[in-house]
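With the hints as constraints, model all of the structure from the sequences given.
What follows is each chain in one-letter form.
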Amino acid sequence: MKIKNLLLIILAVLFVSSTVFASGDKENGKKIYEKKCIWCHGKNGDGKGPAGSGAFLNPPPRDFTSGMYKFKTTPFDEILPNDEDIFKMIADGMPDSSMPAWKDILKEKDMWDLVEYIKTFAGLTGKPAKQIDFAKQVKTSKEGIERGKKLFLDRCAECHGEEGRGDATKKLKDDWDARTWPRNLTKSWSFRVNNNPKEIFARITAGIPGTLMPSFADPASKKKMTDEERWDVANYAASLADASKTIKEGSTVVKAKRILGNLPEKADDPKWQEAEPTNFYLVAQIIGKERFFTPSNNSIMARAFYNDKEIAILLEWDDRTKSIPGDEKAAEILLEGEVYNDAVAAQFPVTIPEEMEKPYFGMGDAARPVNMWSWKSEKKDAPQAVGLLNAMGFEKVEQRDANKAGLTAAGVYNKGTWRVVMKRSLKTGEKDKDIQFEEGKFIPIAFSVWDGTNSEKGSKHTMTTWYWIFLKPEAGAYVYAMPVVVALLVFGGCVLLARSSQRKE
Amino acid sequence: MKISRLLLAVILIGIFYGFFKIFFGVVLKQPIPSSLLTMYMFFVVVGILLVLSFTEEGARELMSPIKNLLENPEKKMMRMVVFVIVSVLAGYITYNQIKPSFEAPLELRTIHPAPPSNFSAFNKTYNLLTLENPFRKYAKEDPEKFKTLVYEGGEVYFKNCFYCHGDKLDGQGHYAQGFNPLPANFMDVGTIAQLQESYLFWRIATGGPGLPKEAAPWISSMPVWQNFITEEEIWKVILFLYDYTGYVPRSWEKH
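Protein sequence lines correspond, in order, to chains A and B. Under my numbering, the first residue of the first sequence is numbered 1, with each subsequent residue one higher. Under my numbering, the first residue of the second sequence is numbered 1, with each subsequent residue one higher.
Hints listed in this document are in silico derivations from the structure and should not be mistaken for laboratory results. Using N, Cα and C, we set each Cβ at its ideal position, and we do this for glycine too. Treat the hints with care, since some could be wrong.
[To be verified] Just a few of them, taken from the derived set where beta-carbon distance is under 7 Å, the chain A residues facing chain B:
id, residue
1, P100
2, V253
3, K255
4, V283
5, M356
6, T465
7, P473
8, P483
9, A487
10, S501
Here is the structure:
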């Protein structure tokens, strides 16, 4: 009898403790939260930590007190997310935002404890009553993609753009009045979760709470789609990923190809497809005053051709808004402030460095000046403009005449992408002021981009560090003759060696 | 069976080459750039040949298969084949060396350049030999105050530094991938754990442009922080870095 009672007590204790552990240890979660998370999400979970308050981050850190979670797998009419949804955000982080993946330094249990603690900020308890119905996943197919495309153009293109580059035709802000940018679906690496069709299906079905991304499963919506239709759209959206925009690690060279005849002058010349693209990350300008923290552009692609006289560089970047100061349509989608021009610049050292020492990548330095080529989009009453300047640091800037240096630039905006061609002769008359291009040398190059609808002007812009541009020479006769000469010499040497060795014997 | 010394040399060189390729390329997924690999292999080959030909006898033994190939009248055919292979190989290497390629030049970099004995910042001159963190003493004298100072350092970090150096202080912030060289990883035992607080103060206050001449190629993206934050804020953020990572700053030995 006594043993039976004891067993029952042990079982009861085990049961209670197991449920306590299963639901996560809030106290442990709190401890970790206060060491690692408060800096952005705030001590009180309101998203107002040191980095969260003020305009330091876009997207801003989540305000946990609202109880609203953007990326969840419960339906639109269910406020509670699944614990797994929150866990996933912590473990894997969110690409293209400041939320890192924590799984490399936090134990799995610690992350579950964090989930439990984070939920307390909004008093979330219990399990969600409903789950997204993934129905039967429709595998991607040619016909399905076609159906998805049709639906996409009808339901999604207004915000995500005809080609999926997120070039919205309307003003978008979230429930906290922050500017939001629809996902550029062609950049698969920039998805907050990932661009797996199943994840995209979840977003289309549940919407992204707090933003203008609605649920397309809501029966009250005019845009409602059936399960199958949502799978078609998800498959189509996933198919928009553009592999040519992938930023390859260690890929640091703009590959200028030598061609015969004229260089393509127009940005939409099909000839450009023959030049191999190289992509670079654009990051906010945070090294010189005034710093900039809330960029909208994140990468730029460069291609180049040259001939015996000139060099042409095609710069291509996705920009969700064509910014034309004075234009009504541009003003319409602006949230606040003023519309400035979109712009791009390529920076070179004035002298190709012989050794490793390059100018400071932020507009050069006193000992090593830089040459900066720039292009500006049109205004309502002014055409596109080409600029040229020399700089020896942020403060010491000399504006120069681009025409005199023979620099031209022309851009075309099409469905969320700017393409700008910059062209100049390889050599100019002013050797001490202009970069003189040489074949077969690695020449430093850096880029800057301005999005005028995102308050980017002057020092507020995105930029890259130094990369290289290389004018690859034609492999001349020398390249083929030299190996033959070397081979013959080595062979002769071997024979002589054998002879002399035998003679000694 | 005793293997010949020449074969041993070849096998040893092969093992080293395989190690560099497999360990860095496959295990660490950080392949060594080819120009660096060439340099390593040069030292490996020289080293192995030196060891194997250390004694007169050893040298003779090492060379004997080559001598035999060169002199033995019965091996004329074999000799010619080897000569042709060697010359074709030399031609091929030459071709690979001189053909135009897009492989970017290697930039070797001084990680922790030797600091100057003194430097200027905030319109003052600091002596790095005597410079100390004025807040460090509160760790013992007033732990509550110290805790507040560390938190304030954290605020400075998350308003200025974490974009590059990361939430986790691991050098993998949101913008880290856009810069070259990559931002310092403070969790690594090779960074702040090896340095004095005065060194950090110097690097933070003067940034990339304040690097000394020998720190070429001079491409650090570190901003010149004296333009953005105060002297006190720098000392506080240094407290935070050590507190968060659990490392202890190096100090001069007290005599």
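Checked hints:
| no. | hint | verdict |
| --- | --- | --- |
| 1 | P100 | holds, 5 Å |
| 2 | V253 | holds, 5 Å |
| 3 | K255 | holds, 5 Å |
| 4 | V283 | holds, 3 Å |
| 5 | M356 | holds, 4 Å |
| 6 | T465 | holds, 5 Å |
| 7 | P473 | holds, 5 Å |
| 8 | P483 | holds, 4 Å |
| 9 | A487 | holds, 3 Å |
| 10 | S501 | holds, 4 Å |
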